[in-house]
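Novice: Since chain X is already given, all that's left is putting chains E and P with the ligands on it; use the hints.
Each chain, letter by letter, is given below.
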Amino acid sequence: MSQTSMAMPAEPQWALPGRGPVGMYSLILAESAIFIIFVVAYLFYLGKSLTGPYPRDVLELPIFASICLLSSSATIHFAIPALRKGNIGAFGMWWFATLALGTIFLTSTGLEWRHLIYEKGLTISTNLFGTTYYSLVGLHAFHVTVGLIGLALGMLFTLLGQVKSEHAERAHVFALYWHFVDVVWVVVFTVVYIVGR
Amino acid sequence: MFLGLGVMLAGSLLAAAGLYADSSASPRQVSNIFKPLSTPAGEIHRLSLFVLGVTGAIFVVVFSLLVYAVVKFRKRGDDDGSEPPQVYGSNSLELAWTVIPGLIVLVLFLATARVIHAIQDAPQPPSAVEVTVIGHQFWWEFRYPALGVVTANELHVPVSDPAHPRPTYLTLLSADTDHSFWVPQLNGKTDLIPNRVNHMWIDPYQTGMFLGQCAQYCGTQHAKMLLRVYVDSPEEFDRWVEREKKPAQMNDAVSAGRRIFETTACLNCHAVSGTVANGLFGPDLTHLMSRETLASGAALNTHANLRLWIHDPEALKPGSLMPAMNLNDQDLDALVAYLETLK
Amino acid sequence: MASDSIALPRTEEAGRGLVEVLHDWVVTVDHKKLGLMYILYSLVFLVIGGIEATIIRLQLIVPHNHLVSPQVFNRMMTMHGTTMIFFVAMPILFGFGNYLVPLMIGARDMAFPRLNAFSFWLTAFGGLLLYFSFIGGTGLYGAGSAPDVGWWAYAPLTARAFSKGHSTDFWTIAVLVSGFGSIGTAVNFIATIISMRCPGMTLNRMPLLAWLNLVMAGLVLVTISPLTAAQIMLMLDRYLGAHFFDTQAGGSAAIWMHFFWIFGHPEVYVLIIPCFAFVSEVIPVFSRKPIFGYPVMVGATVAIGFVSLSVWAHHMFTIGMVSYANAFFTFSTMVVGIPTGIKIFNWIGTMWGGKLIFKAPMLFCIGFLFQFLIAGLTGIMLGAAPFDWQLGNSYFVVAHFHYVIVGGILFALFAAFYYWFPKMSGRMYSEPLAKLHFWLFLIGFHLTFDLMHIPGLLGMPRRIYTYEPGRGWDELNLLITVGVFFQIAGVLVFVGNLLWSLWKGRDAGNDPWDAWTLEWSTSSPPPEYNFAQIPAVRSRRPLWDLKHPEDPDWKYE
Ligand code: HEA
Ligand code: HEA
Ligand code: CUA
Ligand SMILES: [Cu+2]
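Chains as they are written, first to last, in this note's numbering: chain X, 370 to 566; chain E, 207 to 549; chain P, 2 to 558.
Treat the hints with care, as some may be off.
Cross-link-like lysine to aspartate or glutamate pairs, in silico, EDC-like; alpha carbons within 16 Å at most [what the hints assert, rightly or not]:
(1) P/K356 - E/D286
(2) P/K356 - E/D285
(3) P/K356 - E/E289
(4) E/K549 - E/E360
(5) P/K548 - E/E289
To be clear, the hints were calculated from the coordinates, so they are not data collected in a lab.
Just chain X, same shape as in the assembly (with noise of 0.2 Å):
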């Protein structure tokens, strides 16, 4: 059979959802299943490392990083309707910003890290606490860093002048991925720092 006789009145319009938010939103929940589990062993080891130190000892919540994490997401919402205007100058400051906070963010975890290693001599072989938080923590700092990388690669584009508002589409997905590694930092928060003491 030929393939023209394939042609048949088609609907008038047909619109699908773009393949890279979709695409996202499937990595996504398959991230999210992964730290379900990290979450799952670090609540399951609450409470039973054999010795010490333990979390009430050693922990203080890391507020400023939060919230510079969390404002980090509200830079990158505000970056992309810059895109789509065209407006690089706004696009480029928003984006800035973000990667400036998710730094922020990234070195007091390392620093937080130094001073359980050096002065609490806590280590991810030292008790079940141990194992678990730097493995949750660790998981999504990674997450972090790769975020940053990407923010990084975006913001020397953008100094390059190669970013224009038909990359809008792939900022958006970008940012939705932003926005989970925050999301997750919630949980972990809660219950690394809030449960977990």
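Specialist: Just chains E and P with the ligands now, kept in the frame of chain X:
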């Protein structure tokens, strides 16, 4: 096509027939789950017959439908080549074959839940014998805390006649990897998991020897981690306990062998009560000769096997965690002679 | 690559050197070529896994057999399971999905062709890693060795203390890597099916195959990920001295079981759902009727997907869970039987009143129906917790899941092979050889796996390298092993048939089965771009509408 269904049917019948196939071996060798001799196993047996009945009925119905469709609606030779009437579905049918299986599932679930409760939540009577079972790679340790008895690989329990029951309650622990305690005629299996305490109970109402085996993959010799349960009459059981409680008897005739045992590494891993040997890594040898088998059923406890085992455990049970001590022949004979006094 | 060499004269690649052609395949992002590579790759591993199975069976043919040492047997058992699940069943199904989904929804390729290629090569790399363990397994400890911890790799057997060397690490990394590949593929399937459908193909006009692959992909996202997480934990334990599964430091052995089976059970539905899809495409065409109760079929599949997320602990009835947990998992497990039953009944309903044509694909589908029925019912028996306390970890379980996997998945796969072979190669296979393959494999299958239930009932545990004589297991094990050789013969005929047909098969034409879905509207094999002009559809059976303008489907939907 008919031939095909013939074969298929034959196959399924074979499987069905198998459900009642009897072990061809002598009664001492039975481990058939359809020959229960203890209350939990009996409960499970009754449930299994019910489940088999229900699923069997489902099979017959669905299978007949399938065969009927295949035979009745096959394309005939005299076919006119036209397409059959195009039917897209039927809501009433869909409803029917959703609801009916739903009801069947409900029945199956209730029946099952009853048995789960009956077996798992059975209160422990004061008359019960308590045994702590500790799984090791690849042997069983049995401790009777109340009776002060420690033995290995061959569990002795009293018979429990329904009139005044005397069940045995097992506390299941593991020293290394997962294992599973399974004696089909007495009860289903329960795993022995490190860092976890499990329980199960049996109340055999017939004396004799019951075969079982480790049923959770635990490493190289999982296959030869066999298990024997001896169900004794109350008198025999008490006599057995008396014998097992005694320390090893001393016998100067074999002091040479004993010296070898205590100067070689043996005592690091084995305990012989009343002597300096108090190792815990291997089975307690205080009453080695009271056991019919060696190395959890790897071989019968004969002079030749015992000698071979000490000489080279790999020969009887490759991968077991007991090393060969490479002793020379007369040391070996002396040692075996000593072990054979551990009645 | 075989199927390419015959595709040559038909495509613009004609007359190019072998090197160029190979290079072409290696760098390709075309969903059809990737699909074929997945399939070929899995067939190779099917033979490898089958050879391992044969070694297992030969060792068990008589009691106290000394063919292989316990160590080798345990490696064979572990490698067989891991290979068959992760490097045969998964990739071969992804392969068919890759090839068929875009064609059936009237798309020119997958949503993310490069990601697609990347996923394939990840999976391929995983398989190589797993088998490299034969060489690198014990690392510095001397001779090589493969993992021997069983395909669930229960803790603490995987701890350094019990598993020295690197064989377990190879297992972990291999599964981890192929897992990333699977997640990538799943993302791709979902994006493709949601965003790439041709005009008019609304969700309720999608071929069931597309629908079921959508559900499968969703399941992959939520089930492979827990496994990935658990594998990461295991690696942290083995390399950084973490204590997730370290029972010495208060870690729990049971939590690994939970993590593994939260993956493991839905995984088996990930494997069976695409096979449901094949059957749902083949049976209508060879019954000359539309699928019976399309919306219900979709609903039932989605239901299976959701329920299957709540049944994992039926693999753990023997670990001493509290009674109400056992009761709950008994219930959820049996509930799965309802939507599954609905599917079986709808397939029979599709055949009812049709004109059945018993070509090889249909034969294998009928075999599938029959065997999956039995396998499902033995599953229900295992689902009754107390019954499972007896049957669990016995050969009855091995029989149950080979009944589903070989009698179900493998039969459905053979049906798919014969049904789409003409489309993929442009050649028609040899029907007599296909029928011979069917009968050989059917006989072998039933001889092996019907009988395998019985030793389980007689108390024979699985994963044992030898057993004592006189327990009533001896003759059975002998016959079980004999059956394997019929299966081997069957598979050899199958492979022979494919090769012969590629070389000498007659021209199949675009639409040899007088079928109804879009893939049959383009040439065989389809061109790079699939469709010269993107089709538009108005019903679930666009080609039926074309062939029967007098009463098209869209009048009834
Ligand atoms: C494709 C793979 C596949 C599929 C589809 C299934 C389907 C099912 N499986 Fe199976 N299973 C495996 C692969 C699969 N299984 C594997 C690989 C293992 C072992 C892993 C290992 O240990 O290595 C396993 C192990 C396994 C166990 C654990 C046994 C043990 O280790 O102790 C259990 C226990 O409940 C179980 C149950 C079921 C059930 C209830 C179904 C149900 O989905 C079946 C539903 C179908 C039907 C019920 C038949 C059709 C329905 C009708 C005709 C309607 C009427 C029926 C009723 C009302 C009941 N399976
Ligand atoms: C897709 C999944 C799949 C498939 C298809 C198979 C196929 C087969 N399996 Fe397996 N099996 C598993 C998945 C699968 N299995 C899993 C998950 C386990 C659990 C592992 C564990 O416990 O950890 C298992 C375990 C398992 C055991 C239990 C091992 C034990 O507990 O000790 C046995 C024993 O008989 C067995 C046998 C077979 C046989 C005979 C086949 C046959 O159907 C194979 C037939 C196919 C072939 C033979 C290939 C054809 C080969 C050629 C054409 C080349 C010529 C061949 C030779 C020269 C030998 N399998
Ligand atoms: Cu102990 Cu298997
Ligand atoms: Cu399951």
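Novice: State for each hint whether it applies.
Specialist: Here is how each hint holds up against the structure:
For a cut-off of 16 Å, the pair hint linking P/K356 to E/D286 stands: about 11 Å separates their Cα positions. Annotation: proposed proximity of P/K356 to E/D285 holds, straight-line Cα distance about 9 Å (limit 16 Å). Between P/K356 and E/E289 the alpha-carbon distance is near 8 Å, which keeps this suggested pair within the 16 Å criterion. A C-alpha spacing of about 15 Å is found between E/K549 and E/E360, which places the hinted pair at or below 16 Å, so the restraint holds.
About 11 Å separates the Cα atoms of P/K548 and E/E289, which keeps this hinted pair within 16 Å; it holds.
When held up to the earlier numbered hints, the structure conflicts with none and fits them all.
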